[in-house]
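Start from the sequences and build out the full structure, keeping to the hints where you can.
Number of protein chains: 2
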Amino acid sequence: MTWNLDSSRPIYAQIAEQVHLDIISGLYQPGTKLPSVRELAAQAKVNPNTMQKALTELERSGLVHSMRTSGRFITEDTDMIKRMKEDLAADQIKEFLEKMSSMGFQPQDTLQLIEKILREEKS
Amino acid sequence: MTWNLDSSRPIYAQIAEQVHLDIISGLYQPGTKLPSVRELAAQAKVNPNTMQKALTELERSGLVHSMRTSGRFITEDTDMIKRMKEDLAADQIKEFLEKMSSMGFQPQDTLQLIEKILREEKS
DNA sequence: ACTATTGTATTATGAACTTAATACAATAGT
DNA sequence: ACTATTGTATTAAGTTCATAATACAATAGT
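Protein sequences, first through last, are from chains A and B.
Every letter in the first sequence is one number past the one before it in the working numbering, and letter 75, counting from 1, is 75.
Every letter in the second sequence is one number past the one before it in the working numbering, and letter 27, counting from 1, is 27.
Read the hints as simulated data drawn from the structure, not as lab findings.
Keep in mind that a hint or two might mislead.
Pairs involving identical chains hold if they fit within one copy or between any two copies, as the list cannot separate such chains.
[Stated by the list, open to error] Cut-off 20 Å, straight-line C-alpha distance, at most; resulting in silico cross-link-like pairs (SDA-like, lysine to any residue):
1. Lys45 with Ala90
2. Lys45 with Ser101
3. Lys99 with Leu113
4. Lys53 with Arg72
5. Lys94 with Thr2
6. Lys45 with Glu76
7. Lys122 with Ile81
8. Lys45 with Glu17
9. Lys94 with Asp109
10. Lys45 with Ala13
11. Lys122 with Asp87
12. Lys99 with Ser8
13. Lys45 with Lys116
14. Lys122 with Gln92
15. Lys53 with Ser7
16. Lys82 with Ser101
17. Lys99 with Leu63
18. Lys33 with Leu21
19. Lys116 with Leu88
20. Lys82 with Ser7
21. Lys99 with Lys116
22. Lys94 with Gly104
23. Lys122 with Gln52
24. Lys82 with Leu21
25. Lys85 with Gln43
In C-alpha cells, the structure reads:
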C-alpha cells in the first residue's frame, strides 16, 4: 500500500477515498482484516486520530465494519462491492466529461484526445 | 457565470479553477475586463477577501493581470491560452485514467465504458 | 487470570480557511 | 478639482483540520 497524499483536500478524506478504491479494485479482499488504526497511521505517516477519522468515514459507506477489539474488516458482500464499483466508475466518467466539456471539449473530442494520448504514451 | 462551489476544497481554489476554465474555454475572451472583485464576490456569494485571494492565485498563472484602478484583464496572449488548454486537458486525462486504473479499469476498459455511458445518455 | 492489542474518546495546540468590517492609495470619469 | 471605483491591506473572530499526548473499555491470545 503506497499512500499518495497532498494538501489539496483534507487528508482523512483522501485516505478514505484511497482505501475505498483499494476495496473496489480488489486489492483488499472481501472479509479480510485491515491493519490496525495505529499501524495504518504509521504506514501513511499520519496521526492515528486522522486515520481513525478516515476509517470512521469509510464505515458510513458500509464497505468496512469494526469488531471492537478484533479489528476492522472488509465487507463480504461482493455484490455490494461490485455495485459500488460500477456506480463510482460512472460517477468518475460523468465528472470527467463535465470538466472536459467546461474546457470546450465535447465528448467526441475527449474520446479522440484520450486515444491520441494513449498512442503517445506507448512510445 | 454560474458558481458551483462545495466544501470539499478551499473555496478560493475552486473559484480560481473555474475562472481558469472559463478563460481556457473561451467564455472569457482575451483582453476582456473582468468584473470587479466586489462584484464577482457578490455574484459568487463569497467574501470579497476570498474572491481577492482566488484572483491573486489566478494571476500567478499569467492568465490575468490587474491594472491597479482600472480593473483586471484577461491576457491577450492567445497562444498561451491555447497551450494551457492543451496542457490542462492532457493532465485531466492522465489523472482520470490513473483513477480509473486504481479502480481496476485499464485504459481500454475505460474507453469502452465511456462509450457505453454516452450511448445510455442519449436515451 | 494476565497481558497485549483493539477501537475509541478527550483535551490541547497550531495552522489554514472564511467571513466581517474597515481602511487606504491610485486613477478613471466627470 | 471632485468623486466614485479600482485593487489591496489589516485586524479580529469562528470553523475545520491535523497533530500530540493520553486514557479507557473490551477482548483475543496466552
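Exercise. Taking each numbered hint in turn, which are not upheld by the structure, reported in ascending numerical order?
Worked result: Numbers 1, 2, 6, 7, 13, 20, 23 and 25 - these are the hints that the structure violates, sorted from lowest upward.
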